[in-house]
Amino acid sequence: MLELIAMWIIGVGLAFDLFGCIGLVRLPDVYNRAQAATKCVTLGTCMILMGVAIRAFGDPNWSMAVKAILCAAFVLLTSPVAAHAVCRGAYISGVKLWEGSVEDSFVERGEEIRREQAIEGSGDREKTETA
Amino acid sequence: MSLFIQISLAVLTLSSAMCLYRVGRGPTAPDRTVAIDILGTLVVGFCCLMAWRTGRDYYITIAIAWALISFIGTLALAKYLEGRSYDA
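Here the protein sequences come in this chain order: A and B. The numbering of the first sequence is our numbering, which starts it at 149 and goes up by one. The numbering of the second sequence is our numbering, which starts it at 101 and goes up by one.
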């Protein structure tokens, strides 16, 4: 019974993984791809881990179950942080939005960060020149 | 049972192939970085299915280590994209 539940959960997780990767291939720019793929694949992998944990609880194989839950919590915490950092880096490095995008709320803050970086960069150059 | 695991591994392999397509094709560097991050998360799921198949729990230890290394690598690539030095 527990094994059947675990197989259902893993099947749904695999569907999420597959659709997330289809989104990674089909969508038009970096930001769309990152949001589709990150959300779907994070949830899908967490569901696979939960399925393995449920099956290990029924087995019972306690160390495997606890490690699987730990790994699911870790993936759930770190994957959105990594995707956010990559998208921020993409924006600051100057990747354009898709021409069909309707709003860009990060314009002012992005300009501010770029100006700060330009000032820091010139400061570094002066330092190396005086040294 | 065994068939279920084999089909699951095939689906994950197909997803990984799509990620590799984006790594090779992606027009900009952030595209490739996102695809590599997603590939790392898929490998975690792959390791868990191998743990189910073989019944050995060290595969999940490998999955935890892989998730950690993948996270740190993606953060380093993101800081590189942002144009700052690694210690700032």
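Hints in this document: simulated from the structure, not taken from any laboratory. Mixed in with the good hints there might be a few duds.
Label pairs and their calculated CB-CB ranges [claimed, not checked]:
no.	chain 1	residue 1	chain 2	residue 2	range
1	B	176	A	214	25 to 35 Å
2	B	156	A	242	46 to 56 Å
3	A	151	B	120	44 to 54 Å
4	A	242	B	125	13 to 23 Å
5	A	208	B	176	14 to 24 Å
6	B	104	A	248	34 to 44 Å
7	B	172	A	241	11 to 21 Å
8	A	149	B	103	42 to 52 Å
9	B	109	A	258	38 to 48 Å
10	A	208	B	104	14 to 24 Å
11	B	161	A	224	14 to 24 Å
12	A	206	B	103	11 to 21 Å
13	B	104	A	262	24 to 34 Å
14	A	244	B	103	39 to 49 Å
By construction, the Cβ of each residue, glycine as well, lies at the ideal position given by its N, Cα and C atoms.
Against the structure, the hints come out as follows:
Taken as a hint, the range 25 to 35 Å holds for the pair residue 176(B) and residue 214(A), whose Cβ atoms sit roughly 30 Å apart. Here the CB-CB span from residue 156(B) to residue 242(A) is close to 47 Å, well matched to the stated 46 to 56 Å. A C-beta distance of roughly 32 Å is found between residue 151(A) and residue 120(B), which places it outside the suggested range of 44 to 54 Å. For residue 242(A) and residue 125(B), the Cβ-Cβ distance of about 20 Å falls inside the hinted range of 13 to 23 Å, so the restraint holds.
The hinted range of 14 to 24 Å is not satisfied by residue 208(A) and residue 176(B), whose Cβ atoms lie roughly 39 Å apart. A beta carbon spacing of about 40 Å between residue 104(B) and residue 248(A) agrees with the range 34 to 44 Å that was offered as a hint. At about 20 Å, the beta-carbon gap between residue 172(B) and residue 241(A) stays in the expected band of 11 to 21 Å. Evaluation of the 42 to 52 Å hint for residue 149(A) and residue 103(B) yields a failure: the beta carbon distance comes to about 19 Å.
A hinted range of 38 to 48 Å holds for the C-beta pair residue 109(B) and residue 258(A), which are about 42 Å apart. Between residue 208(A) and residue 104(B) the CB atoms are about 21 Å apart, so this pair conforms to the stated range of 14 to 24 Å. Checking the proposed 14 to 24 Å range against residue 161(B) and residue 224(A) shows it holds: the Cβ atoms sit about 18 Å from each other. Look at residue 206(A) against residue 103(B): about 20 Å separates their beta carbons, and that is inside 11 to 21 Å.
For the pair residue 104(B) and residue 262(A), the beta carbons lie near 51 Å from each other, so the given range of 24 to 34 Å is not met. Between residue 244(A) and residue 103(B) the CB atoms are about 46 Å apart, so this pair conforms to the stated range of 39 to 49 Å.
Going through the hint list in order, the structure does not satisfy hints 3, 5, 8, 13.
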